[in-house]
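Using the sequences and the accompanying hints, generate a full structural model.
2 protein chains.
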Amino acid sequence: MDYIKNPKKIEEESFRIIESEMGQHSFTERELKIVKRVIHTTADFEYKDLLYIREGAIDAALSLFEKGGITIYADTNMITAGISKKVLEALNCKVVSYVRDEEIAKIAKEKGITRSMAGIEKAASEGVEIFLFGNAPTALYKLKELIEEGKACPKFVVAAPVGFVGAAQSKEDFEKIDIPMITVRGRKGGSTVTTAIVNALLYML
Amino acid sequence: MDYIKNPKKIEEESFRIIESEMGQHSFTERELKIVKRVIHTTADFEYKDLLYIREGAIDAALSLFEKGGITIYADTNMITAGISKKVLEALNCKVVSYVRDEEIAKIAKEKGITRSMAGIEKAASEGVEIFLFGNAPTALYKLKELIEEGKACPKFVVAAPVGFVGAAQSKEDFEKIDIPMITVRGRKGGSTVTTAIVNALLYML
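Chains as they are written, first to last, in the working numbering: chain A, 18 to 222; chain B, 18 to 222.
FYI, nobody ran anything at the bench for these hints, they're computed from the structure.
Values in this document were obtained by computation on a predicted structure and should not be read as measured data.
No incorrect hints appear here.
It does not matter which identical chain is used: a pair holds within one copy or between any two.
Straight line, CA to CA, 20 Å or less: simulated PhoX-like cross-link-like pairs of lysine-lysine:
1. Lys84 x Lys172
2. Lys139 x Lys111
3. Lys128 x Lys161
4. Lys126 x Lys139
5. Lys22 x Lys139
6. Lys168 x Lys139
7. Lys139 x Lys172
8. Lys126 x Lys26
9. Lys126 x Lys103
10. Lys123 x Lys25
11. Lys168 x Lys128
12. Lys161 x Lys139
Below you can see the structure in the form of structure tokens.
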């Protein structure tokens, strides 16, 4: 068996291949780390053209993580499972999702909204500063609504809902808000993409 | 706000769009359910050509799930987080991953192998019948090795490691083994893809 068994070497070699195949770009060194990790996670070079990293967003995210002691909200449990716990714990930060809570399911049913939306409402009411989206356009619209109503004031958002109904539009609309954000334009995105973006940021610290 | 708030309607509309855009194919009705859910999860129509569903694999998987009382092993915690718990519990099945266990980390370090490989060794020694791969080519090679040594006898495998080092080759090599399997050919795959395949199967029951 001559397959590589060293995870660090596998990752280094992967990143080398990605850089050699991705062609010309104008990313900064830190942006490139995010782009490469997303391509590493998806094997999809299209993300090179889909990732939108707002100016100042990386600094905003790193400041929040470095400040520490914060709660990050994710719209899926796959994201909470995927984000590097070791690094988060070292920063005294945690990532939560309410999307599968019994209480949230009940509220969603009563209000006739998605559980994803009900989860965002709860997180916003708790003053969460970082929101991560890898699944639900409805949740992203709900956050936009809450921001416009002055009921949420996130300091960093990763918006990568994936899909065919509302996903692309929800991200386009969300980009009109003037806050630090990283988005994935178009239909693509997903929990692994969102996770890769956040882990790339955490590994910069 | 006129975005759709009914998750069931969002999914139905998504599947309708996918079917209308995916063009000609020769999938059976059940195969199509898997293909559509993977495209739904990735917004990537390339999966239409990358998914390999071995003859008999769907029947094999459904029989195992219906039998119930089984443990499924996944190579990432994102997969265990993503698989529908409601359906699994109703079937008295569970899905586990050892990849972040302290014990496994220790064994991996001692042996100079990846944690993913050490996790597979443990699962195989416990007689696990279903293995899911969304991340690690090394883990898939390890399972192949154990099968060839008679130390593992899985009855259904989803092989969708993603990446640039070994991923495509590991899946090509694994396909040479004569067991029920669903694979994603080439570099693409990932935890969300593996999860979509398994959830599509679970929703058939």
